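Going line by line, the protein sequences match chains A and B.
FYI, in the numbering used here the residues of the first sequence are 1 to 413.
FYI, in the numbering used here the residues of the second sequence are 1 to 188.
Treat the hints as calculated values from the structure; they're not laboratory data.
Remember, it's a predicted structure, so these values are computed and weren't measured experimentally.
It is possible that some hints are incorrect.
[Claimed, not checked] Among chain A residues calculated to face chain B with C-beta under 7 Å, some are:
#1 Pro18
#2 Leu404
#3 Thr407
[As the list claims (entries may be wrong)] Counterexamples of contact, computed for chain B against chain A with all Cβ distances above 10 Å:
#4 Pro25
#5 Ser26
#6 Asp42
#7 Ala47
#8 Ala63
#9 Leu77
#10 Arg89
#11 Asp101
#12 Gly104
#13 Ala143
#14 Ser161
#15 Arg169
#16 Ile171
#17 Arg188
[Claimed, not checked] If you anchor each label on the Cβ, the simulated ranges turn out as follows:
#18 Arg84(B) - Val363(A): 23 to 29 Å
#19 Ser26(B) - Leu292(A): 26 to 32 Å
#20 Tyr364(A) - Ser111(B): 55 to 61 Å
By construction, the Cβ of each residue, glycine as well, lies at the ideal position given by its N, Cα and C atoms.
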Amino acid sequence: MSTPTVSTSPEPASPTEPPPSRLRPRDVARVGGAGLRTRPLRVFLSALGIAIGIAAMISVVGISSSSRADLDRRLAALGTNLLTVAPGNTLAGGTATLPAESVAMIRRIGPVEQVTATGTVPDAKVYRSDRIPAEESGGLAVLASSLDLPRAVRATLADGAWLNAATARYPAVVLGSTAARRLGIGAAGPDVQVYLGGRWFTVVGLLAPVALAPELDSAALVGWSAATAHLGFDGHPTTVYTRTKDSAVEAVQAVLAATANPQAPNEVKVSRPSDALAARQATDRAFTGLLLGLGAVALLVGGVGVANTMVISVLERRAEIGLRRSLGATRRHILLQFLAESLLLSALGGAGGVVVGIGVTTVYAATQSWEAVVPAWATAGGMGATLLIGVVAGLYPAIRAARLSPTTALATA
Amino acid sequence: MLAIVGPSGSGKSTMLHLIGTLDRPSAGTVRVEGHDVARLSDRRLSALRAHRIGFVFQQFHLAPGRTAVDNVADGLLYTGAPVRERRDRAAETLVRVGLGDRLGHLPHEMSGGERQRVAIARAVVGEPALLLADEPTGSLDSASGAGVMELLRDLHSAGTSVVVITHDRDIAAGLPRQVAMRDGEVVR
Ligand SMILES: Nc1ncnc2c1ncn2[C@@H]1O[C@H](COP(=O)(O)OP(=O)(O)OP(=O)(O)O)[C@@H](O)[C@H]1O
Ligand SMILES: [Mg+2]
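From just these sequences and the hints, can you work out the full model?
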């Protein structure tokens with residue numbers, strides 16, 4: 001016996017299936033932005049957290065890049081092919097001397113283009129006048145100098161003129177920048193004199209600071225023959241400056257000691273002044289890393305702030321979420337809306353931070369008279385980090401918003 | 001056009017949400033356009049709400065900082081229509097509900113009755129087959145309430161099915177059909 005079954009029909013396909021809900025990408029941005037516009041103060045404060053982190057990182061990177069770029073520029077101008085040769089210590093512990101003919105020997109090395117030397121005049125002191133007690137010499141060295149010294153070390157004159165063949169034989173002196181300041185001498189001239197090694201010397205020139213040979217800054221430079229004639233100089237060079245073909249700097253550096261003093265190469269100190277400048281930069285780099293880490297922590301805290309703002313935003317706007325669901329928003333549309341809001345929020349902070357960071361770099365560089373350099377990777381990285389934070393911070397609140405059932409959302413109105 | 005009446009907590013809103021696919025039944029089946037709501041995906045349910053069903057709530061749920069036109073245009077937001085078209089149709093619909101002179105007004109610049117008209121315009125701007133109104137006159141004085149009911153009747157005569165939840169005996173009496181509910185059940 002069969003009972004006739006009344007078929008409740010397996011769903012007659014509707015003749016006019018509605019097209020799927022759709023939210024245009026531009027509208028995603030629009031609804032995300034609308035959520036921000038109604039709470040400007042809160043948006044400002046939570047974007048500020050991100051902005052501080054990004055600004056800190058951009059300015060740290062910007063300032064250190066600007067300073068590095070400036071150093072590179074200076075090194076390029078000064079040349080990295082300057083090598084100096086100086087006497088070291090003897091095995092017995094005393095101070096060694098360079099042979100008088102070392103300059104001539106070094107000149108014979110093929111790739112060496114310039115050789116020049118200074119020699120310390122051991123017992124000579126320099127004073128402003130003859131009435132100052134002998135002890136107060138102010139730590140200024142008196143050096144006998146070859147005539148081609150300024151060219152080799154790229155020294156320039158702040159005032160007056162460098163020694164020439166004539167003045168090198170007379171009691172004439174050129175003062176380094178520190179020496180001039182200590183002696184209270186602001187200008188060179190025929191009537192400007194200092195009391196040097198027991199007699200009056202005329203100050204014919206003042207040097208500007210010498211970046212590659214800072215030892216010249218605190219020196220009083222006299223001609224080689226004047227030093228021999230008037231100050232009892234023994235003619236032994238104490239620093240030999242060489243300029244070498246750029247391609248052969250290392251090779252020359254390797255043979256300089258043996259060339260300068262074949263009998264005792266181990267008593268010779270060879271150095272490359274541009275290395276010292278670059279090394280100072282390297283110690284700055286560790287400090288930069290530390291500051292960068294602090295900026296990253298600030299950024300993280302900013303991200304937590306954004307997440308917090310988004311959680312509150314979702315809680316406050318349950319009715320809006322319910323309404324949007326009733327208007328046809330899918331869960332995905334709600335998710336996208338809150339993700340867009342979070343992204344915009346942190347992007348706002350990121351953009352502000354980049355602007356402030358570039359501003360800080362520009363101002364700081366201007367005070368140092370550097371050219372401001374903010375590498376593109378720093379800006380791009382900052383914005384990238386910002387967007388990542390926006391997604392991560394917004395994801396959990398957005399998922400909660402999307403999971404909310406429309407009826408409970410509407411019931412909390 | 002029908003009225004749902006019943007005491008507070010009797011399940012009127014729940015019924016309306018079920019009809020409107022905002023909720024799914026824990027027992028029994030709800031069919032909309034022949035589809036079992038419980039078995040449709042979120043995407044398909046949302047599509048139904050975007051194109052076939054309009055909602056009106058007692059609290060209006062208008063976005064505070066946005067003009068009447070923008071609020072109404074949001075009724076088409078999830079249809080994927082371009083913004084120009086949404087705003088044009090919103091303006092037309094506002095004229096249709098008698099708010100042609102309020103297009104650029106913000107919600108707080110309008111009376112309760114006007115706000116509810118804006119909310120109704122938003123519900124019908126997509127020309128849904130079914131309009132569900134949960135106590136649309138609940139927060140209005142009787143004059144504005146009467147105006148809103150008048151509007152709903154007009155929409156009905158223009159071809160939209162309208163379901164209205166109301167506590168107001170007179171309003172219910174004025175509608176062609178009433179469904180009474182008590183303790184979660186339809187009693188009449
Ligand atoms: N048939 C039912 N099955 C399960 N739960 C129900 C049913 N009817 C009502 N409820 C529950 O009763 C509670 C009140 O229902 P609802 O909000 O729909 O009442 P209402 O008639 O709209 O009341 P009010 O007039 O105050 O708005 C809700 O939590 C709802 O889940
Ligand atoms: Mg209710």
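Checked hints:
Here the hint on Pro18(A) is kept, as its CB sits about 4 Å from the closest CB of chain B, short of 7 Å. Using the Cβ-Cβ criterion of 7 Å, the hint placing Leu404(A) at the interface with chain B is not satisfied: the shortest such distance is roughly 12 Å. Taking 7 Å as the C-beta cut-off, the interface hint given for Thr407(A) holds, the closest approach to chain B being about 5 Å. The beta carbon of Pro25(B) sits about 12 Å from the closest Cβ of chain A, which is more than 10 Å, so the claim that it is off the interface holds.
Under the 10 Å C-beta cut-off, the non-interface status given to Ser26(B) relative to chain A holds; the minimum distance is some 12 Å. Listed as outside the interface, Asp42(B) is inconsistent with that label: its C-beta sits roughly 5 Å from the nearest C-beta of chain A, within the 10 Å cut-off. In this structure Ala47(B) is not separated from chain A by more than 10 Å, as the shortest Cβ-Cβ distance comes to only about 5 Å. The claim that Ala63(B) is not at the interface with chain A is violated, since a C-beta of that chain comes within 10 Å of its own (minimum 7 Å).
With a cut of 10 Å on Cβ distances, Leu77(B) falls inside the contact zone with chain A, its closest approach being about 6 Å. Here Arg89(B) stays apart from chain A, with its beta-carbon at least about 14 Å from theirs, past the 10 Å limit. Chain A leaves Asp101(B) outside its interface by the beta-carbon criterion, the shortest separation being 25 Å against a cut-off of 10 Å. For Gly104(B), the non-interface assignment is confirmed: its Cβ lies about 17 Å from the closest Cβ of chain A, beyond the 10 Å cut-off.
Under the 10 Å C-beta cut-off, the non-interface status given to Ala143(B) relative to chain A holds; the minimum distance is some 25 Å. Every Cβ of chain A is farther than 10 Å from the Cβ of Ser161(B); the closest lies at roughly 15 Å, confirming the non-interface assignment. Look at Arg169(B): its CB is around 25 Å from the nearest CB on chain A, clear of 10 Å, so calling it non-interface holds up. Listed as outside the interface, Ile171(B) is consistent with that label: its C-beta sits roughly 22 Å from the nearest C-beta of chain A, beyond the 10 Å cut-off.
Every CB of chain A is more than 10 Å from the CB of Arg188(B) (nearest about 25 Å), matching its label as outside the interface. Between Arg84(B) and Val363(A) the beta carbon distance is about 45 Å. The supplied range of 23 to 29 Å is therefore violated. The hint said 26 to 32 Å for the Cβ distance between Ser26(B) and Leu292(A), and at roughly 56 Å that hint is violated. Look at Tyr364(A) against Ser111(B): about 58 Å separates their beta carbons, and that is inside 55 to 61 Å.
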